[in-house]
Amino acid sequence: MKKPLCTGFENPLGMSRRSFLNQVGMGLGGLALGSMMNPLQALTNNGPALSGTHFPAKAKRVIYLFQSGGPSQMDLFDYKPRLNTEHGQELPDSIRKGQRLTGMSTSQASFPLAGSPFEFKQHGESGAWFSETLPHMASIADKLCFVKSMYTEAINHGPAVTMMLSGSQIPGRPTAGSWLSYGLGSSNKNLPSYVVLTPKVAKGQPLTSRYWGSGFLPGRHDGVSFRADKDAVLYLNNPEGVSRSSRSKTINHLKEFHEYQVSQQSDPVLEAQIEQYEMAFRMQASVPEVSDISGESKATLELYGEGVTEPGTYAANCLLARRLAERDVPFVQVFHTGWDAHGNCPEKVRTNSKKTDQASTALIKDLESRGMLDDTLVIWGGEFGRTNYCQGKMTKTNFGRDHHPRCFTTWMAGGGIKPGYTHGVTDEYCYNLDQGGVHVHDFHATMMHLLGIDHERLTYKYQGRHFRLTDVHGHVVKEVLA
Amino acid sequence: MLPKNKPTSIAFIFIALSSFHAAEEISFNQDIKPILSDRCFKCHGPDAKNQESEFRLDTHEQATADLGDQFFGIVPGNIEESDLHWRIWEDVEEDMMPPLDSNLSLSDDEKKLLDQWIAEGAPYDEHWSIKALPKTVDAPTSESKWVRNDIDRFIEQGFAAREVIPAEESSREKWLRRASFDLTGLPPSLEDIENFLADKSEREYETVVDRLLASDAYAERMTSEWLDVARYSDSNGYQRDAERRVWPWRDWVIRAFQEGMPYDEFVTTQLAGDLLPDATQDDVLATAFNRLHGHLMEGGIVLEEYRVEYVADRTQTFGSAFLGLTTECARCHDHKYDPISTSEYYSLSSFFANIDESGLIAFFSDAVPTPALTLSNENADKEMAKAQKRIDSLSAELAATNTSPGAKTAFDKWLESKPNLDWPGRVAWISFDELDGRNIANAAAPDVPAKTTDLNVLVPGVTGKALQFTGDDKLEVFDTGHFPREHPFSASVWVRPNQHAPRESIFSRGGGADDAASMGYEFMLMDGKPTASLIHFWPGNAARVQAKEAVPTGQWSHLIMTYDGSSKASGLKILLNGKPMELEIVKDHLTKEVDNWHTPNGGLVRQHLVLGERYRDRGFVKGQIDEFQMFDREISDLEARLLYKMESESQILDTSNKTEELYSHFLATSYLPAMSLRSELQAARSDWNNVMDSLEDISVMRELEEPKPAYVLTRGAYDAHGEAVTANTPEALPPFPEDQPRNRLGLARWLTDPDHPLTARVTVNRYWQMIFGDGLVRTPEDFGSQGSNPTHPELLDWLARDFIENNWDLRHLLRQITLSATYRQSTFGDKSSIAKDPENRTFCRSNPNRLAAEMIRDNALAVSGLLVDKIGGPPVKPYEVAVSFKPMKPDDDDGLYRRSLYTLWKRNAPAPMMVAFDAPKRDVCNLRREPTTSPLQPLVILNGPQFVEAARVLGEKLLAKHQGDRTAVIEEAFTLLTSRQPDQMEAKILGDLYQAQRAEFDANPAEANALLEVGTSPVSLYENPREHAAATIVINAMMNINESLIKR
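Line by line, the protein sequences are chains S and V.
470 is the number that numbering that gives the first Met the number 0 gives to position 471 of the first sequence; each next residue is one higher, with no gaps.
1006 is the number that numbering that gives the first Met the number 0 gives to position 1007 of the second sequence; each next residue is one higher, with no gaps.
Since the hints were made in silico from the structure, they are not lab data.
Heads up, a few of these hints could be off.
[Said to hold, decoys possible] Facing chain S, from chain V, some residues (calculated, C-beta under 10 Å): (1) 108; (2) 302; (3) 621; (4) 885; (5) 930; (6) 985.
All values reported here derive from a predicted model rather than from experimental measurement.
No residue lacks a Cβ here, since even glycine has one placed at the ideal position from N, Cα and C.
My request is simple: use the sequences and hints to build the entire structure.
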């Protein structure tokens, strides 16, 4: 045998090349359509980049309940009694290991450990830990899969959220939903393929439209942020004085006009435009329909709890997410803001738990009762965790926690996920990872895998390079797969 | 024939190659390099350090090297001996190349090409784009009637090669429409159309092009395009995205295009205007180009991480915009495809690092990130000159007075009067001897004690007790020490540091450290060295001195700082144990206020003087402070000595010896003429300062005198310094000129050298793309190995050389392009030619490009007559800002109707209509908008108030003009929107729509009135609102027909 000149690539899935080839087939490589199209093609070809998934998808859609601000892992899921026994004592140097802190607490003269003031109990057969602030989630413990060993490099909100959603700290890369929209498109032509639901009353760190931006992907892969007001989508409604029947006449005459032109000189640009206008007209009906919850049963509304009928609340957004999922919108991103607990940490944990616990739980139950949980991936998590030490002044009843990128907890449920399972372990201080670290890129790789996509093979060529959501990193976390 | 095209898709390669099986000779650049680059270089390319194989294919020498054991990757002319041949045809997984899991593969035709290339001797060639630009390029000769200018000769040659024929000439109306949008971004008026159609001079096309190029609208159109390149935004981006005032730079760009500034000068001024000899305010203003990146305003970040990011952004922008090279890859590892090593990347980026900037901008002040240019005006210049004159004369007078015979006489008299020490102006005096709860007495203000927390404790002091600080707990001294920068002051303090740390805050007043860009004054120990500063925005606008010597730990030292109100570092003094310390001037550029910090909403924060702690800074950890005193004047040396001797209570002045010290003390405290001059001087400084503070700043480039040390950052990490580098350009490009300074100006001279291989090529390509929709190189931002090869390399070179020889004149370039026969072609091409060249790589027809977002909106404004024709000024808020992600209140005046390039651009909530029509987010330099279609677009034009209002206003105008004649209304509106008359059938369909809409409104008359209320422009109600409403709908519908939106 000849000496190989190159040892080749590491096989990320651990399967033989032959079986990989068999499963993937040829011709699925993520061709960068946008970058090779001339304007005419770009204006007429809006198909997805992939002609199918790379391997059978476990989940058809994602609902990502993004907990912005950085939920405090050791006050919610990651039970650390040692912090209580050493409450008030200095964070040992052997644990901190000189790792960088944010500019907010790095100058502090002391770093006293802060134990969680909340009671922790194990729930379900899986025995997952929950603090007392999350009674609803605790009741579905066995449906959730925890990753307690998430980590990131970013230590501040903007960069960390950008990292969590786009795989890069620096603005300008496409977000996960955009990659999916680009790769798989949508089976519902009357609704956008990537819908974002933000709180009407946002507290805490600001959200920016970049968090659902398409970066360098064509603009149509931008997340569409539904507004909690009359125009759920930009200029969705006819102007005052224009009825649906009046608009229908306009669309029909425009169609007639363009069809006449096509009859004079066939032109794919024109044909694409006819379809575009009809789709817009249909969307004018389908978007209000999806937002209209008047047909939801009382039981369902009660399941989601307080605020569900008020557009723009977390509860209303969770319900709307289910309705969008029902209509096969492949990626729905729900934002909750307010977890940023630099001061008054116990109070912040309590209020934000209260605002999100019931509706997050309701979404899982609701999806399950409709038989949709099996092929819907639900994710709950923020951009980083919080420090085990107190930021600012510690008093007998109060303390703050700074940002902590080195470990935090995220849970997943539904399509393809191993329920009632906890992956990864943090150290006794909840500062470093003991085992099973899951980097943001690994998380993305896993999410893509569940959707049937090889994260290394959904690429887009931009500025000479084949970009992907996971940059040049990422391994599927096989342990969490069902 | 050889394929002229760089394969960009598998499908295309197949088509392209199947037509030329028996190729004659292979072109390395056209045929081989694209394959090697895309399929092989990732592991066998220039990034030697980060690939598993040592085998490299990027140079002939390496590709043909002896690999040992009688292995050769390539043996020129010998396929059998070349391992490359075997490996690419290998079907055993372990050995095949590219490996299976690389997700890369070679088609059989590509393999054959590689074989053929090896057989032909595997010749390498320099990459096309870095080959020197030829001194002369001859246009091919042609007898054809089709040809109108030299451009066409090159294009026509390509037709023959590809066996296509050109499209028919556009109708005059359509040509005029395209030229008007392409050159001015606005539609032709009816008058323009009539004039053009009536012009039989045979110079009618030239006349139009010259008119368009001379218009202000041209400058606005060109600026609009440049804003994408410059990632222009009226806000700072990142998370907080506060608005910033950078539009003066945008107006500079408009002026540059109006004046027809040569492109080399345009680039040089933006890159290095500050370094030009005798730089004017405008020259420096232009350099804001390099500060238009995002600025982070998010407390808690690590500043250096983001400073590095800003430098990288500038480097990336420089690379993409001017060199057409992607540099980002080389931040972390040697470029995988192009000859840019990591070390070369950091050498290049170091040109952009030498400014006094911070990675974080102030949350607690409006100070503009430094370096900043204060935009002055004639009036302010005059007032400041007046104040300065007065400052100079008062300073001279004061100096003279202090040495005058009168002063000496007065001094003698004063001595005779046996004066006491009376310590005037002592505004704080804290002895730390007793704690009353959390209060500590301030002898200078008995009613207002200072306040500490429980955690700072009293310990034995220099006299009595002292306060030991935790470092996290402050002592706050209320209502004193509130000094503007013209106000002199002094402070005296005993300190006992516990350790030496990079920063320890003794006392300060201000909004905190990084979050306020340190605005205020501060007295710190830095590695034990006493350091006094007055700061507007750290680091670029501040005065700071630092003692060369550190104070000892574990023992008491006495420190004094004094400040004379001059805003100069020389006005700061530090004394240790009564003796002046030797100081180093760290910063001496304080030009603006130091006492105006607040929350973004104007709320007051941290108003008072604090000791031992500072907001998000390192405090005086376990340090002790005793006997703190502050004076609202510069104290005398004599007082300083007594303070050190702890005789600050003493009233007795020893006048037994007539010393210099006594004389200075007399001048400082008792000589009335000097005292009054000092107060006049302070008033004059205040005048100067007030004018200065009222002027707006803009972030610009200002080169530091000493270049910042630059390093390779290992894997791109901001804190992983590798080898040191100095400013240089990549080796694969022309050498840096020896007669130029190693700074941005030298870099700009290098860039605009007439023989630079890239600059002119990249530029003419971008403008070609602006006109045709596609460049001659289809990857305008990437002229490297992974980019496309030019479809017409000789034309590209000819255009570039011609551009340079015509003094980099953009109007000349655009004139030639738009007057070519190539440009005159219709968008409806010859059918068989389209089939042969679906991507229009031969330019055998015009591309049916959709209007840019700005043009779509400006078109509606222009045809309706609503467009407000005003140039420049602050950004405006049209209707759409009300529905952006961060809704804002729209303007209620002209701001609704300005051209779209003036629309406020917020990075985090960009104008939604513009984004819907593919405007980039402007996070990074962007050279090409990707046109897309989505159902969200029709909603904007059908429902957006800007368009509905424009339709209403135009309807009203036309109904009045044509006295209700529907046919005439439709015809004129159609002509305005498409630049041609509708044919009979088209007119009929629109007429039917009119009738149908009228019927709708007849059935629901209230709806008509409701529709007519859209928009703020007044309705002088046409006699029949239903007819008007129907006209509104029809005209709005016409805004949506293909020809209104697509350039035809």
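For each hint, the structure was consulted:
1. The interface hint given for residue 108/V is violated, since its Cβ lies 16 Å from the closest Cβ of chain S, which is over the 10 Å cut-off.
2. Hint status for residue 302/V: holds, given a least beta-carbon distance of 7 Å to chain S, under 10 Å.
3. Evaluation of the residue 621/V hint against chain S yields a held restraint, the C-beta minimum of about 8 Å falling below 10 Å.
4. Among the interface hints, the one on residue 885/V holds; its C-beta lies about 8 Å from the nearest C-beta in chain S, closer than the 10 Å criterion.
5. Because the smallest distance between the Cβ of residue 930/V and any Cβ of chain S comes to about 5 Å, under 10 Å, the interface hint for this residue holds.
6. For residue 985/V, the interface hint holds, since its Cβ comes within 10 Å of a Cβ in chain S; the closest pair sits about 6 Å apart.
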